[in-house]
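S.K.: Sequence:
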Amino acid sequence: MKGRLLKLAVGVALGVSMLPAPAQAADLSLDLNLGELTENLLPAPPAPSATPSATSPRIQKRTSQPGVISTVLGTLGLSATAQAAATGTNGGGAPGAKTGQKTLVLYDNTGPWAWLGEAYAVQAGNLVSHGSSYVMHPVGAYTAGEISGYTGVVYIGSTYDEPIPVAFLDDVLATTKPVLWMAHNIWQLTARAPNFSTTYGWNWVGYDFGAATTVRYENTDLGRDPLATPSGLMVTSISNPAIASAPAIATGSAAGPINWATKAKNLTYIGEIPFSYVDHGDRYLAAADLVSHVSNPTMADRKRALVRIEDVGPDADPNELRAVADYLYAQKIPFSIAVYPRFENPLGAENNGVPEAANLAQRPQVVNALRYMTQRGGTILMHGYTHQFMKAINPYDGRSGNDFEFYMAHVDANNSVIYDGPVPGDSASYAQGRINSATTQFALAGFAKPTIFEPPHYAASAVDYQVIQQNFGKRYDRGLYFGGYCPGGACGTGTPQYDKIYGQYFPYLVRDIYGSVVAPEAVGNVEPEPFNNHPARLPADLVKTAQQLKVVDDGVASFFYHPYLGTGYLQQTVQGLKSAGYTFASVATVMAG
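My numbering puts the first residue of the sequence shown at 1205, with every later residue one more than the last.
Source of the hints: derived by calculation from the structure; they are not laboratory data.
For each residue, glycine too, the CB sits at the ideal point set by N, CA and C.
No false leads were mixed into what you were given.
Cβ pair distances, simulated, as ranges:
| no. | residue 1 | residue 2 | range |
| --- | --- | --- | --- |
| 1 | G1414 | T1644 | 50 to 60 Å |
| 2 | P1461 | T1380 | 22 to 32 Å |
| 3 | K1469 | T1303 | 21 to 31 Å |
| 4 | D1616 | L1742 | 19 to 29 Å |
| 5 | T1417 | G1785 | 25 to 35 Å |
| 6 | Q1569 | G1637 | 25 to 35 Å |
| 7 | Y1768 | K1595 | 22 to 32 Å |
Work out the full structure, taking the sequences as your base and the hints as a guide.
M.R.: Given below as structure tokens:
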């Protein structure tokens, strides 16, 4: 093993390797077989087992008064939903969100895969927060006229033939406010409007299951993971180009080009769930941009970049730190420094089995190098306390910078990192204790408590995230989320289910469901060698991802970098982002909106 272990996959992209979604709705299973967080965990909903009906009987069975939503929640009317949402942590807009805008996020919550509806809604809500505040709840709880209290609506159709209130269908057809509809149940809307094709200039045709693995949006090719194709992509047909258009086209299927997104008047339709099987440069970016068009149609289109120097502890090489600072300072680039203030190596990894430990204050050369970095534009972040957990191999060798601190994991026989759950003894007091200990060690080294937190390997439990929010209110990471945390759309009121774990990266500033303002990191990091079933990523790969990110209004090309790699790769990445049209900013500037 060379020097330091390669950064864990969560630092590259978020997700879980898992079994593909069943091919038929009748084969549904909740055995998730959780694996490594490599791309986005969330699968697509199961493939439909029947052709949608243009005259769905569901419409005739529904009234404006929704029935029982689940055995847990019972019947939720608007007042109950509003009351539940008020007790949750979600719904606030990020700094810079447009005052006066408020978006309604609706989702499906019936059937064996109902938890996916909540998960998709969480991801949509997180994205919506960049442009506006929002309220999130099941579509079955919608009441007539509810749309009048919002400036736009996002609906995620994850359950085939979800019982949708007629009131919602009618309000969508009547409103002039922007509506973004994703995936299933578009047939319920068109059946409610006999003249839909004439009014909107397009209609749905049926699902395609071919290998449509590229989505072209704003003259840029974005990826679509082959794992998403078995769940289908709704084909639409535009009958009147004067009214309707296709903002994004999917290619690769034998069926030919498919309208991945279709727009007419105030309605935009995406033919799949764009939150399933997400990687770098994914069609998820097109969805993130379309979401922002609903939450804030007047979004500024800035192209900013961030760089974060990663995994700096008492064991860091002062010369490497100074070299990185000198280069970035010469380029007039502000940067962040992710610091853990105590080094632990209880198993003596890479030290002949002899344990090691040191506080930051005990390494004056590192302290001086950190001061040097701050004088040249660096902002110190708290990157945990020890960046490892006790004497555990979690999952590599117990050494600071290599292992998890707030979550348990192991490497399986296939060389994949498996997420096991919160650390033993996980609690609010555990998380607070780690933060307090880190704060003390920063103080003993002469540094103020950092104002931004980054969980080691981007992983923590729900209660840890809540404690981080209470102490900092700001994070710089990719979020980790859990099924069951947001019952009825009120995040923080449910019990997190750690067997239903999913991650999300952000292309712009958000306020996530834990209430924290989150600086984005969507570009990843340089890794010269493959690891844990992940390919190497070189500066050219990061620059390509940043080029794809340009499809997003107000996108931030944010990456992180390990100082032990020297400055060569750093220079290539920085120059590539500059050539792509990005301007580097400080994390404080981005977090201010």
